[in-house]
Amino acid sequence: MKLGIITWFNYENYGTKLQAVALQYYLRQQGYDAELIDFVVNDSTNKVKHQNPPFLKRIYGRISYDLKKIAFKKYASSFEERSKKFNSFIVEHCCLSRPIYSDKDYIEVCNQYDALIFGSDQIWNPNWMHPYYYADFDKINIPRISYAPSLGVADFPVELSSDMRNKLNRFQSLSVREKRGCQIVHALTGRQPQLVADPTLLLTSEDWERISGATCSSDTDKRYILCYFLSDNQNHWKAARRYSKKRDLPLRVIPQTGFAYWQRNISLEASAGVEEFIDLIRNADCVITDSFHACVFSIIFKKPFAVFERFSSKNPVAQNTRIYNLLDITNTQNGLQKYDSKFIHDFARPVMRPSKSFSDLLDESKQYLIESIEKAEKFRKEQIQ
Numbered sequence: 033m034k035l036g037i038i039t040w041f042n043y044e045n046y047g048t049k050l051q052a053v054a055l056q057y058y059l060r061q062q063g064y065d066a067e068l069i070d071f072v073v074n075d076s077t078n079k080v081k082h083q084n085p086p087f088l089k090r091i092y093g094r095i096s097y098d099l100k101k102i103a104f105k106k107y108a109s110s111f112e113e114r115s116k117k118f119n120s121f122i123v124e125h126c127c128l129s130r131p132i133y134s135d136k137d138y139i140e141v142c143n144q145y146d147a148l149i150f151g152s153d154q155i156w157n158p159n160w161m162h163p164y165y166y167a168d169f170d171k172i173n174i175p176r177i178s179y180a181p182s183l184g185v186a187d188f189p190v191e192l193s194s195d196m197r198n199k200l201n202r203f204q205s206l207s208v209r210e211k212r213g214c215q216i217v218h219a220l221t222g223r224q225p226q227l228v229a230d231p232t233l234l235l236t237s238e239d240w241e242r243i244s245g246a247t248c249s250s251d252t253d254k255r256y257i258l259c260y261f262l263s264d265n266q267n268h269w270k271a272a273r274r275y276s277k278k279r280d281l282p283l284r285v286i287p288q289t290g291f292a293y294w295q296r297n298i299s300l301e302a303s304a305g306v307e308e309f310i311d312l313i314r315n316a317d318c319v320i321t322d323s324f325h326a327c328v329f330s331i332i333f334k335k336p337f338a339v340f341e342r343f344s345s346k347n348p349v350a351q352n353t354r355i356y357n358l359l360d361i362t363n364t365q366n367g368l369q370k371y372d373s374k375f376i377h378d379f380a381r382p383v384m385r386p387s388k389s390f391s392d393l394l395d396e397s398k399q400y401l402i403e404s405i406e407k408a409e410k411f412r413k414e415q416i417q
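Each residue of the sequence shown is one higher than the last, beginning at 33 in my numbering.
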């Protein structure tokens, strides 16, 4: 059974790389011939018009942007090293289709597979809808299976509902990553999608240690707090520094934003690749973040973590729902810190034995994936006859 995986993986983002590798790794563990379909789409596919942020927030965002531009010059060699590591991670751990440069290429490549699997990550976020993330072409008559895509929003734009309904109705099997996503898909299609776990959770801690190669093992005797923020909220930085001072432990920072490069009294992991990202979490005393996948790997490696809301509840494109859902299913809600909090009030402490609800979710996710593939295989055999 030859499977084509359609997801994000070409962006220099830790979570993007990790979820792509995880799904292919798991499918190959099950004996399937799985490939990532190799394409890059134009970022100009944004469908939703947003209100401009408040004046002060625009100024703040501009400062953050300028600081990152300066950091690119100051840490040029580190950026270059990290970029090489990102690329080599995919080359080393993934099997890819031939590169796609046009719709014609895309259709030809998709039709070479017995089934297409879409997910995970936010490939169904309405803010950047693109036909490639749905195989939305009449000439593609291959079974479509979704595995854990995220819509990334609490409410789906009304003006896009009809188009999205038509896209989803092409799918033979539907699943999503969040409870709110299930509700949205059901409202759009009348079908009840399966709630499944992010593919990174399908692998064990031992799997991830093999993938990472334990690159930071030499530092395990040096205790530290790992800090990884995707947003530049100064309250979150203040909270992290306060907690670092309270614990008398150094902050090791994986920089992603402009302000991250200019924090005082930190160890900057500017060249960290995906393997280092895994091991920096694995070896940390605790993790402070606003990142979904930093939470996931804290849970996998049983590390205490505090996660800040990355978006204000007033933000019309807030993407906090996937964090809420992850904390809910893993019973780690006490690690959530409010968007405007200047302090860390508590840490989630993942237990050695996962809750029954979480174990059930993993079992159901694996069962859904295998049964959907078997259903697609049966459909393909009937097509050929």
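No lab work stands behind these hints, which were simulated from the structure alone.
Quick caveat: nothing in here was measured; it's all calculated off a predicted structure.
Honestly, I wouldn't trust all of these hints.
Between beta-carbon pairs, the in silico distance windows are [claimed, not checked]:
#, residue 1, residue 2, range
1, 241, 136, 38 to 46 Å
2, 115, 162, 17 to 25 Å
3, 406, 168, 18 to 26 Å
Positions of the beta carbon are idealized from the N, C-alpha and C atoms, including for glycine.
A quick look at each hint next to the structure:
1. 241 / 136: 38 to 46 Å: Given range 38 to 46 Å: holds, Cβ gap about 42 Å.
2. 115 / 162: 17 to 25 Å: Given about 24 Å between the Cβ atoms, the range holds.
3. 406 / 168: 18 to 26 Å: Because 25 Å falls inside the window, the suggested range holds.
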